[in-house]
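So the chains spell out like this:
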Amino acid sequence: MLNRDDAIKICETVLAHAKAAGAEDASVSLSDSVESHARLADNRVTTSGRADDIDITATVWVGKRRGATTVNDSSAAALQQLANDAVQIARLSPVQREYVPTLGPLQYGDDRGYAAATANLDLAARAKSLQAVLDSCRAQKVTGAGFHTTRVSATAAATANGNRRYFRSTRADFSVTARTPDGTGSGYFSGDHFDISRLDVPHIATQAINKAITSRQPQPIEPGNYPVILEPQAVADLIGTLTGAFDARSAEEGRSAFSARDGKTRLGEQMFNDRINLYSDPANPVLPAAPVTDEGIPAARLSLIKGGVIENFRYTRYWAEQKKRDATPGPVNYILDSTQPPTPIDEMIKGMQRGLLISRFWYVRLVDPRTLVLTGLTRDGLWWIENGQVKNPVRNLRFNQSVLGMLAPRNVEAIGTPQRLAPYVVPALRLGSFTFTSVSDAI
Amino acid sequence: MSPVSRREFVFTGGALIAATCIPEWAEAFQPNASDDARRAEVADAALQQAAKLGASYADIRVNRYRRESISTREQQVQSVQRSTSYGFGIRVLVNGAWGFAASNVVEPGAARAAAAQAIDIARANAILATRKVTLADADKVVTTWTSSFKKDPFEVPLETKIAFLLKLNQTALVPRVSFVTSQLQFADEQKYFASSEGSRIVQRLIRTYPQFATTSTNRDSGDFQTRAVVDRAKLIGYEYAEDYPWFADAEEAGHAVVEKLTAKAVEPGRYDIVVDPSQLFLAIHESCGHSTELDRSLGYEANSAGTSFIKPTDAGKLRFGTDIVNLVGDRTQEGGLATTGYDDEGVKADRWHLVKDGMFVDWQTTRELAPLVGQNRSHGCLHCDSWSSVPFPRMPNVSLQPATKEVSLTDLFADVKRGLYVVGRGVSSIDQQRYNFQFGGAVIREIRDGKLGAMVKDAAYQSRTPDFWASCDAIGGPSTYRLWGTAADGKGEPGQTNQVSHGCPPARFRNITVINTAAVL
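Residue numbers (this note's numbering), protein chains in the order written: chain F, 79 to 521; chain G, 935 to 1455.
Please keep in mind that the hints were generated in silico from the structure rather than gathered at the bench.
Watch out, some of these pointers could steer you wrong.
[As the list claims (entries may be wrong)] Here are some of the chain F residues that sit facing chain G, going by a computed Cβ distance under 7 Å:
1. S126
2. T148
3. A205
4. S207
5. N241
6. P296
7. Y396
8. A398
9. Y441
10. V445
11. R457
[To be verified] Straight-line alpha carbon distances no greater than 27 Å define the calculated BS3-like cross-link-like pairs of lysine-lysine that follow:
12. K342/F with K1391/G
13. K1290/G with K142/F
14. K1245/G with K219/F
15. K1066/G with K1198/G
16. K1351/G with K1198/G
Even glycine gets a Cβ: it sits at the ideal position worked out from N, Cα and C.
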C-alpha cells in the first residue's frame, strides 16, 4: 500500500508531465487497493482470492477543453503516457462549458475509517471464523451461503492549483444466507465495519440461521395495504433512492421528485414525518466516512431533512457556481434518525395489532422518479404480526410503494435505533401502510 | 465546434509533440510481438510455480482492457474518458479446492508470487471443503480468435464520434423536448488464456454501445417524463454507429416523450399484451436467462442473486412454456455481447437448447458444474469481467427462436380485443428464484380490436415465469427477429458485470395483469 509521500509523488509526476504537454489545469487521482474475499455456498467455501490493483486518473484542461484517462500502471513510462494521452484527448475535445478550475490547497480532517487489523488480513483467522459459521449451519441443519470480504485502499489526489490530499481506509463485510433443507425457509443477515475485529461474524451467522428456521412453511396472504415493521436492513434497501433525489440541479431543472410547480422546488417543505432527520456526517462514530467529498471538498455535516423538512440539496461545484453559492460538503454517508428517543423493535411489535415484519427487500427499482415509487420484493424472512406478537411466517410479496409516501407525516408510527449498514446508518421503522401488489412463490 | 482531424491535430500540435513525444493513444495500445512474448512468459512462470507448489490444475488469464466513454447533453460534451487496465489472475486447484490471486504487475516474479498466494488460499479452503471440485474434460486448444468488426472504434477520430452524438441530440430535440443525454461507449478486450493442460488462447473482442434518453418537462405542473433508448450494445465495431438508423430512433424518441407527458394513465386490469423485442429481451433475460443458470439452482448464488425455481433434476421433465417456445443458449451468435471464441477456461463457444418445444431441457454449465448434472462436457459459460475477477458461471446469449413461418406484428395484433403493445425498456424487477416479475416499458400503446391505439403511461405488467410463458400463444416470424442486449448484468460476490444479448421476435401473451404504478402511492 502506497504511503502518503509515494502516492503524492506519483500524482505530482503526472501533473508535471501534463503541464509539460500543455495542460493549463489538471487533477490527478490515485487509488491503490487490495481486496480479499471468501465465498461460501452449500456449507463450504466455493471461491476465494485476492486482487491487488492501482488506478491512476489524469483529468486535464487545455483552453477549457477537457480530457481524462485512467491506467493501472505506475511505471515511469506509463505515467508519462497517461498525462500525454489526457492532453491529447483534451486538444481534440470541444470546450467544456461546465469547466470549473481545480481546487487549491485545503485543510481536511483526519481519516477515521482505517484499521491495521483489516489491512493485514489474517487468512488463518478468517478460515477459523468461517469454519465456525459452517459448523453452526450444519449443527442447525441449514445450508449456509455467505460472503466475507476485506478491502484496504489508499487514495490520493493532486491538482495544478496546489490541492494535495491522501487518505487510507479499510472495510470488512460479512453476510450469510441460511436455507432450510426443505426449501421453505431462508434467512439473511449482514454486517460491516472498518475494523475487522469489530465485525461480529458469529452474531451475523446466528441471526441468519434463526431467520431461516423461523421462516419455514410460510403461509400466503392476499396482497394489499398493510402496516409494516421494516428492520434496518429493509430500510437500507429502500433509502438509496431517496438519498439520490437530493441533487439540486435535477430539482431545479424540473426533473426530480423534489421539483415543484411553477419552476420551484420543494426545499423547506414538510414532506416527511416531523421526527425524521436525514444527514451526512464524516465524524459519525458509528460510520466514520472519508473527510472529503467525491469532488474534493472537505467533508462536513450536511443536513438534508430536519424534523421532516427538506433543509438542503446537494450542490456540485459547477451547479453551485451557477447558483452563486457554495458547493455542499457532502454527502459522504447517510444517517437517518429520530428527533425523539428510539423505540426498540420488540416494542414496535407489541404495539402492532396486525401487520408484517420485514427482514429485507430484493431487486428494488425506481418505477417513477416523479414520486419515488419503487417496486421490489420481500426476501429471507417475512412474518405476520397479530395482537402484538409474531404469529407465523408468510409468503414473500411484491410491493409498489412511494418512499415519499412511506415517510410521509402521518405514515411513520415508530423509529428504532439506527444501525450501521454502510453507506447508511438507519433505524427500524414502523409504518402505518405499505402497498403490496402480488404474491411471490420464491423462498 | 470546429472538427479537427487527426492529421490536423498532429500538424497544429507538432511543436508540442516533438517536445514530449506524445504517442497516439490508439496505436500505443496495439498488440505487439514483445508484449505477446512477455505475456506468455508471465503465464508460464505462474503455471510452473503453481505446479511446483502442488496444484492439480491451474489456469491464468493475462488480459488488457481499454475503454472509451463520451457523454453529452443537449449541444455540449460533458466528458471524454478513456481507460486501460492490464493484469493477470491465476486460479489453482489444490486438494479439490480453488484459490485465486491477481496482480496488475505483469512480470514473472509477481506471477510466481501470486501463484504462491493462490496456493495458500486454496490450501486454507481445502480444510473447509466437504466436496472436492472435479472438472469436465476439455480439449487442449492453441489458437487465436477475433470478434467480427469492420471499423475499430478506437481508430475513429474523436471528433467524428462527438459529431455523431451532437447530431443525435439535435435530432431528438424536437419541440417540447427539454433535455437529451447521450453516450457512446467502446470496449476492447485483449485476452490471453493459458492452462496447465496446455491450452494457449489469444482473443480480441470489440464492443460498441450507443445510448440516449430524452426528457420532457412541464414546469407549470412540475410533471416530467423520460424515454430512454438503451440496451442496443453489440459485439461490433464503429460501423454500428454509421449503419444503424440512430437518427430516426432519436426523432421518434423525441416525439414519444412529448406524447408521453400528456398520455392518459393506464386502466389497471387484465390485458393481452404484445411485447416488442426491445422489451421482451429483458423478460427473457430475467425469467429464462437467470433461471437456467446451474450454479443458481445448486445454491452457489444463494447469498446474492438467489437460487432458481428450476431444480437440478428438472432437465427434460419441467414444462417451461407453450410448445411454440424455444430458447437457445448461444455463444456463437453474430453480434451477441456474450459471443466469444472460447470461454474463460478455454472451452469452445457452444449453441444449445435450454427450452425446446416448451420443455426445459438443459442448463448453462462450466467445467466444474457439468459433472454435477451428469454431463461430461461444459457448454462454455465461464467468464470473468476483469483479469482481477474470479471467473465464474455467466449467462450466454439466450434467444427466443422465431416462428418457422412468417408472422408479422400486425398478425400478432389481429385478434387482440383489449390489449397493450409494450416497447422499450422500463423498470424491471424479479424475485430471487425468478418466479414473480414486474416489467415496465418505455412506450406503451393500447391495442383495440386488432388496431394499435393511443399511448398510455404508468403501466407495468406483472406475472409469474411459468404462467407467463404458458400464456404465450403467438411468436413473430423470422423477419421480425431483433437482437437486443444489456451491457451491465450484475451477478456474484464480489459483484461482476457481464454483457449479454438476447435475440427475439415480438410475442403475444394472453390475460396478463397490468397495474397503474401511479395509483399505489
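Each hint, compared with the structure:
Look at S126/F: its Cβ gets to within about 5 Å of chain G, closer than 7 Å, so that hint holds up. Nearest Cβ of chain G to the Cβ of T148/F: about 4 Å, under the 7 Å cut. The hint holds. Hint status for A205/F: holds, given a least beta-carbon distance of 5 Å to chain G, under 7 Å. Contact between S207/F and chain G, as hinted, is not supported at the beta carbon level, the nearest pair being about 11 Å apart and thus beyond 7 Å.
A hinted interface residue such as N241/F counts as satisfied when its beta carbon comes closer than 7 Å to some beta carbon of chain G; here the least separation is about 20 Å, so the hint is violated. Given hint, P296/F at the interface with chain G, is violated; its Cβ is 13 Å from that chain's nearest Cβ, farther than 7 Å. For the restraint placing Y396/F at the interface with chain G, the shortest Cβ-Cβ distance is roughly 10 Å, beyond the 7 Å limit, so the hint is violated. Interface restraint check for A398/F: the shortest CB-CB distance to chain G comes to about 17 Å, outside 7 Å, so the restraint is violated.
Here the hint on Y441/F is kept, as its CB sits about 4 Å from the closest CB of chain G, short of 7 Å. With its C-beta approaching chain G no nearer than about 5 Å, V445/F sits inside the 7 Å limit, and its interface hint holds. About 6 Å separates the beta-carbon of R457/F from the nearest beta-carbon of chain G, less than 7 Å, and the hint is met. Between K342/F and K1391/G the CA atoms are separated by roughly 24 Å; this keeps the pair inside 27 Å, and the hint holds.
Our distance criterion of 27 Å between C-alpha atoms is broken by K1290/G and K142/F, whose separation comes to about 58 Å. Restraint check for K1245/G and K219/F: the C-alpha separation of about 20 Å stays at or below 27 Å, so the hint holds. Restraint check for K1066/G and K1198/G: the C-alpha separation of about 59 Å exceeds 27 Å, so the hint is violated. For the hint pairing K1351/G with K1198/G, the CA-to-CA distance comes to about 19 Å; that is within 27 Å, so the pair holds.
Consistency note: the structure conflicts with the earlier hints numbered 4, 5, 6, 7, 8, 13 and 15.
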